[in-house]
Amino acid sequence: MIKDTFATGIIAITLICSILTLQSILSIMNGERKSPAMLAVASAEAEHEEKTTQLLRVLAQTDL
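The opening residue of the sequence shown carries number 67 in our numbering; numbering runs sequentially from there.
What the hints contain is simulated information worked out from the structure, not anything from laboratory work.
Note that the coordinates shown come from a computational prediction; the quantities given were computed from them, not determined experimentally.
Honestly, I wouldn't trust all of these hints.
[As the list claims (entries may be wrong)] Ranges between beta-carbon positions, derived for each pair:
| id | residue 1 | residue 2 | range |
| --- | --- | --- | --- |
| 1 | Cys83 | Leu105 | 19 to 25 Å |
| 2 | Thr80 | Ala108 | 43 to 49 Å |
| 3 | Ala106 | Leu86 | 22 to 28 Å |
| 4 | Asp70 | Ser93 | 32 to 38 Å |
| 5 | Ala106 | Lys69 | 42 to 48 Å |
| 6 | Ile77 | Ala110 | 27 to 33 Å |
| 7 | Met67 | Ala112 | 30 to 36 Å |
| 8 | Leu86 | Leu122 | 44 to 50 Å |
Backbone N, C-alpha and C fix where the C-beta goes; we use that ideal spot for every residue, glycine too.
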């Protein structure tokens, strides 16, 4: 009896975690949330854009 209750509890917890994981994956795919990888890429792109802008400013001030 106790083993059955314990097994049912573990199955319920596993099911809940699976549903939450699936919900997170779907929200990331739909663009509602940003994954850490997507945030890292966006950060790297912003940093690259900033450095490019600084380089263009320096080149604009330099007589070549």
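Consistency of the hints with the structure:
For the pair Cys83 and Leu105, the beta carbons lie near 24 Å from each other, so the given range of 19 to 25 Å is met. Under the hint 43 to 49 Å, the C-beta atoms of Thr80 and Ala108, about 34 Å apart, miss the expected range. The given range of 22 to 28 Å is respected by Ala106 and Leu86, whose C-beta atoms sit roughly 23 Å from each other. Judged by the Cβ atoms, the range 32 to 38 Å given for Asp70 and Ser93 holds: they are separated by roughly 35 Å.
Checking the proposed 42 to 48 Å range against Ala106 and Lys69 shows it holds: the Cβ atoms sit about 45 Å from each other. Between Ile77 and Ala110 the Cβ separation comes to about 42 Å, which falls outside the hinted range of 27 to 33 Å. Remark: the range hint 30 to 36 Å for Met67 to Ala112 is contradicted by a beta-carbon distance near 59 Å. A hinted range of 44 to 50 Å for the beta carbons of Leu86 and Leu122 is consistent with their spacing of about 46 Å.
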